[in-house]
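Given these sequences and hints, build the entire structure.
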Amino acid sequence: MGKSFEKGASFKVANLVEFKNITKRFPGVVALNNASATLREGEVHVLVGENGAGKSTLMKILSGAYTPDAGGLVVGGRAIEKNSPALAAELGISMIYQELNLIPELSVMQNLFLGHEKQKLFFTDNRGMYGEAKKYLEMLNLNIDPKTQVKNIGAGTQQMVEIAKALSKDSRILVLDEPTSSLADSEIKELFRIIKLLRDRGVGMFYISHRLEELYEIGDRVTVMRDGSVIGTYGINEIGMDKMIEQIAGRAIRSLFPHARKEARETVLEVKNCHGDRFRDVSLKVRSGEIVGLSGLIGSGRTELARAIFGIDPYYCGEILLNGKKVPAKNPQKSVARGIGLLPEDRKVQGLSLLKGIRENMVVTSLDRLGRRGFTNMAREKNLCAGYVRSLSIATPSIEKLAGFLSGGTQQKVVIAKWLIADLKLFIFDEPTRGIDVGAKSEIYRLMDGLVGKGAAILMISSDLPEILGMSDRIYVMAEGRIRGELDRGEATQTKILQYAYRQESTGGVYE
Amino acid sequence: MKNSFVVKDSIKTAAYNLSTLWILLAITVFFGIFGNNFLKGGNISNIINQAGFLAIIGVSQLVVILTGGINLSIGSCMALSTVLLGPLMLAKAEMPFALIFVMVVVCGGLIGIINGFMVTLLNIPAFLATFATMYVARGAAWLYIGKGVYYGINENIRFFATGVLFRIGTFRVTMPMVLAAVFLAGMAFFITKSNIGRKIYFTGSNPEAARFSGIPTQRIVIFAHILSGLISGFAGIMYVARINAADANLGVTYHFDAISVALIGGAIMSGGSGSIWGVAAGAVIISVIQSGMNNMQVPTELQTAFLGVLIIVAVCFNTFLQKKKIQNTERHITDLAGKTVKGGAQA
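Chains as they are written, first to last, in our numbering: chain A, 1 to 512; chain B, 1 to 347.
Keep in mind that the hints were calculated from the coordinates and are not lab data. All values derive from a computational prediction rather than experimental measurement. For each residue, glycine too, the CB sits at the ideal point set by N, CA and C. Every clue listed holds true.
Within a straight-line C-alpha distance of at most 20 Å, the following computed PhoX-like cross-link-like pairs (lysine-lysine) qualify: (1) Lys120/A <-> Lys134/A; (2) Lys325/A <-> Lys285/A; (3) Lys348/A <-> Lys323/B; (4) Lys382/A <-> Lys193/B; (5) Lys262/A <-> Lys454/A; (6) Lys147/A <-> Lys134/A.
Computed footprint of chain A on chain B, listed as stretches where at least three residues anywhere in the stretch have a Cβ under 8 Å from a Cβ of chain A: (7) 193-206; (8) 212-224.
See below:
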């Protein structure tokens, strides 16, 4: 592919970046464990791994957003003692994120020079900036006027403008974090053309992506990460896709999960051919006494589907039925009354009011039912909340403590309690254990098991494959807004799920 | 040891909760010492009388601030609803009091509905929506009445705003005092104990979480604006009855007074926090300061400037208290986290 460098060549190629045995801990988690990797001049180095494997943490250490607890970072042969975003920029490191960081209201040119505008005496040198912007855009073969407002160009072109911005800062090291996730196929082609162009100019690039097939088109080397550790680094042609999936998935830990299959009874939720903003033609069923896992990559439309079922977002055709009756669209209030509850993805923003106490947060779903003629029945409320604090072993001195001061696991228990109080038929859990330590995790699993034991139905969205495998009776896998596969508990393996998630047909090999 | 800690903590929390009262006490003592006959019964009853009125418009503002909004149309709403029904309020119209009262209040409520719809359905920020209503309602009142005023209000109505029930020494217990007290007590009960009141608080504290909990947030915001309008109508009657005339120029700056009262009373502009009793205390504070400065013959210009300074001080103080309160809670939690291990073992 690349003309100027031979991949895997025996002669010495300068290392632009060296991560040496990096360890980074967060409270309760080891995000990076003794991770080492290198980036050569003029190569595209792909990082793959599940969500939470440590790819982004490693890149944030490069960009200076995080400081490692142990290990060293060498950039361009220079050992970096104390990295910072400012130093990283000085070293020629640029990050290009999945979410674009351009300001829509400003022109391409203004965005390119944002923060380091050219000046002539006391005035901004518009003509100079225009010329230079044109130069960088032409360098990328981009045929747009630098005066165009960013909001008027497509997502793909915006991505290119980001790259032009990196060029204008003379970046030698680029980090591309899922750059193709919001691009159309033709835009991806254009992006790859530019990436190859940069590679030929000697720029080194870390490339994070979940789309395995595109790695073979663009990557030179690939590093697989799992649970904060580097599993291995390979030349792209040394490792087949099946082997890569196996490496990404890793171990199976089903025994940690308490869930035993219950007798599934009548259908509680039925989604028929639903279309929404980020999902298409989705049909699924959840029965009483059943935990149904909804797997897939982030951005595959899982959360959007959950939001539409609960009524936060609209859906356009098809129907959503609860116990055979149509659920009113875009009306969370009616959904709750009918017995649907959603444990949202972001518990601190969507799940709880952090400045209100535990009790206030717990009863908010059920004020009308708990009260008497529209007014609070405080004694009943306090008893009920105290009961849930005890039965869920929520660690707090009082039911009035502010939710903002509880630990992540405890907060999640409060969110669960608020839906337990609401007396639901269908629980939708969106990433129920994200950012929660192992102890609280297993308590939440036991709670879920208890719920289906009592006849509730659970739809669980999770990016954590062991969790999906360990807890689900059935599993749907989504990719690009569609349900790509349905697996029963017996037949599901990490490999099969990943194959559906990456839209890859099974090539015969079954791992585990 | 743990018990004494908890007790000390709750005393502290209580002290923080009563913070507005401490300010009030300090200011009263100040004017008591440096003023001239400031703490005489007659003067105190004037102060409370005025405070009652301020508290009512303060509550009108508070209910919207609690949702995270603001209502700039309070003064205009008072003017329009009273001017529209001005002819009926006159003594010569001989209309029953209750009927007029209901009509004016409903009129205020209708203006609130318009605000509420603009904020929710049209998605206009409350500041802009009510800013526009402020002009529209004021303009409508001017158009309707022309240049004159409706003078000579029905005595039955006037009684509610000026009537003296009995005297204790030189202290007069007046009808508006009683009305304001009943109103505040009723509102305090309603807003903290009713489901809808609690939904207002929760929606204001985190609209996103409220929506994800099945609270109809749009309806709640509309309701708050209607309530604010109804209360403005009520305040309008009280005002008109006191000055004995319905006038389109009434209360041009009352939305600002209402904000001052609410802020000094501890409400937070981002919503979800603030209380009726805080507003009542805020109203008394402003009333004491106005009266005290008049008493000390401070010129009005200076009084206005001082009020501004006071608002800044109050807001800073509230922020400080909020932080303190939270720190207190946090310390408590951290302390407890160490103990839960042991506590868990016992359980």
